[in-house]
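*Asks:* Assemble the dimeric complex from its two separately framed chains, guided by the hints.
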Amino acid sequence: AQKVTQAQTEISVVEKEDVTLDCVYETRDTTYYLFWYKQPPSGELVFLIRRNSFDEQNEISGRYSWNFQKSTSSFNFTITASQVVDSAVYFCALIENRGSTLGRLYFGRGTQLTVWP
Amino acid sequence: DTAVSQTPKYLVTQMGNDKSIKCEQNLGHDTMYWYKQDSKKFLKIMFSYNNKELIINETVPNRFSPKSPDKAHLNLHINSLELGDSAVYFCASSSPGTSVYNEQFFGPGTRLTVL
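Protein chains in written order, with my numbering: chain A, -17 to 99; chain B, 1381 to 1495.
Just chain B, with the same shape it has in the complex (with noise of 0.2 Å):
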């Protein structure tokens, strides 16, 4: 019954290695975010999709890229990372159609320790 889900929870890895974190919604959202929460809990977003189409890419490195292969989910993909990648990334959505403003509904996170 899980709204957002994340895979996998806790991801330690090696730099320079490349590595996946899967997100999937069953609220039947069409608007789903990527965040990213540093050290000092400090939450930015990276990235947002709207119907498989991306609207929002901030200014974050090219070795990110997400991917949506449908409305219920976005991946994100990270390519030869590196220990400041160190983080917890939150994938959120929200409520179809009506309205940017309504909230966002967050999954539990994917804490990312690059060694």
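Chain A on its own, in the form it takes in the complex (with noise of 0.2 Å):
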């Protein structure tokens, strides 16, 4: 079973709009950390967060912001005013708390967001 699901395969929108791409996970666990990562059509894959599974408090960065609901299993990503250099493919990552996993991160299939100008 996917630990990570990302239902949104491809979100295209208009420069300025704002997007959340969703992110819903899976695990046994109470102690688990949850990231999302960048992919920039170049190929590198960006870190842009992490969250810890006590700390539901939503963050926000810049034009970003992140909403974790345990309550639904869900960490989903928000970019305020889109501009077309946020195109790219978003993952959504796991880490739980398991002997057997210790670091593994499971990743999302990713959502492609492209940034129309």
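Be aware that a few hints might be false.
Listed next, the in silico EDC-like pairs over lysine to aspartate or glutamate satisfying Cα-Cα at most 20 Å (straight line) [stated by the list, open to error]:
hint, chain 1, residue 1, chain 2, residue 2
1, B, K1420, A, E(-8)
2, B, K1399, B, E1462
3, A, K(-15), B, D1418
4, B, K1416, B, E1462
5, A, K(-15), B, E1483
6, A, K20, A, D0
Computed far set for chain A versus chain B, every beta-carbon distance over 12 Å [to be verified]:
hint, residue
7, V(-4)
8, T2
9, R10
10, N58
11, A63
12, V66
13, V67
Only part of the chain B face toward chain A is listed, based on derived beta-carbon distances under 8 Å [to be verified]:
hint, residue
14, S1428
15, I1435
16, I1436
17, F1485
18, G1489
For the record, the hints were derived by calculation from the structure and aren't laboratory data. All values derive from a computational prediction rather than experimental measurement. We put the beta carbon where it would ideally sit given N, CA and C, even for glycine.
*Replies:* Given below as structure tokens:
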């Protein structure tokens, strides 16, 4: 079973629109961490945020914000006033607290975001 | 000043050949990883080493053999390459000691094409 589900395969928006990328995760652990990574067309993977399972406070960083809700097992990512440079594949990922999987990042399948000028 | 570097960036080779991809990190991390990204962009872990010791060995063919000569290096050797091995391979590292939950920093990737 997929531990991290990103149901939106592709999203297209026009510049300055707000866009939310959905992420739903599945784990039996009480301690876990969630991540978002960005992969621009150049191909590298860029770390965006880490959130632990005990901290449900929403986080804002410039135009980026993250909404973590344990009740719905979701960790959604919103880009406000999107720009062309935001065009990339965005990955949500999970690390669980299990001895056999320590440090193993489970990635969702990614959401391709295209921002048109 | 590159944090995690990989060589080569592109690798084109024939089926049946043996090839290696090298990874080095200068972040002082003690845990390193190899991930494979397939043509549909799906990322999956292959191996993880902590202080030169193998921690995670995902279900990959034994044609793939990681080697960690020291904490700063984790190389990936692939024997008898097959068409299905074509992918982008990413090396990553994470910060020492305190938490396996720390963010992993990725190298630029190596695009392997098997003809």
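*Asks:* All hints are to be evaluated individually against the structure, with a verdict given for each.
*Replies:* Hint by hint, here is what the structure shows:
1. Annotation: proposed proximity of K1420 of chain B to E(-8) of chain A holds, straight-line Cα distance about 12 Å (limit 20 Å).
2. For the given pair, K1399 of chain B sits about 11 Å from E1462 of chain B by alpha-carbon distance, which is consistent with the 20 Å threshold.
3. A hinted pair counts as satisfied when its Cα atoms are at most 20 Å apart, and K(-15) of chain A with D1418 of chain B qualifies at roughly 18 Å.
4. Distance check on the hinted pair: K1416 of chain B and E1462 of chain B sit about 15 Å apart at the alpha-carbon level, within 20 Å; holds.
5. Our distance criterion of 20 Å between C-alpha atoms is met by K(-15) of chain A and E1483 of chain B, whose separation comes to about 18 Å.
6. About 17 Å separates the Cα atoms of K20 of chain A and D0 of chain A, which keeps this hinted pair within 20 Å; it holds.
7. No Cβ of chain B comes within 12 Å of the Cβ of V(-4) of chain A; the nearest lies about 24 Å off, and the non-interface call holds.
8. In this structure T2 of chain A is separated from chain B by more than 12 Å, as the shortest Cβ-Cβ distance comes to about 20 Å.
9. No beta-carbon of chain B is positioned within 12 Å of the beta-carbon of R10 of chain A; the least distance is around 16 Å.
10. No beta-carbon of chain B is positioned within 12 Å of the beta-carbon of N58 of chain A; the least distance is around 19 Å.
11. For A63 of chain A, the shortest C-beta to C-beta distance to chain B comes to about 26 Å, beyond the 12 Å cut-off, and the non-interface label holds.
12. Even its closest Cβ contact with chain B, about 20 Å, leaves V66 of chain A beyond 12 Å, as expected for a residue assigned away from the interface.
13. With a least beta-carbon separation of about 19 Å from chain B, V67 of chain A lies farther than 12 Å from that chain, consistent with its non-interface assignment.
14. Nearest Cβ of chain A to the Cβ of S1428 of chain B: about 6 Å, under the 8 Å cut. The hint holds.
15. The beta carbon of I1435 of chain B is positioned within 8 Å of a beta carbon in chain A (closest approach about 7 Å), and the interface hint is therefore held.
16. Annotation: I1436 of chain B was flagged as interfacial toward chain A, and the flag holds, the nearest CB pair being 6 Å apart, inside 8 Å.
17. Checking F1485 of chain B against chain A: minimum C-beta separation of about 7 Å stays under 8 Å; hint holds.
18. A hinted interface residue such as G1489 of chain B counts as satisfied when its beta carbon comes closer than 8 Å to some beta carbon of chain A; here the least separation is about 5 Å, so the hint holds.
Against the hints set out earlier in the document, no violation occurs for any number.
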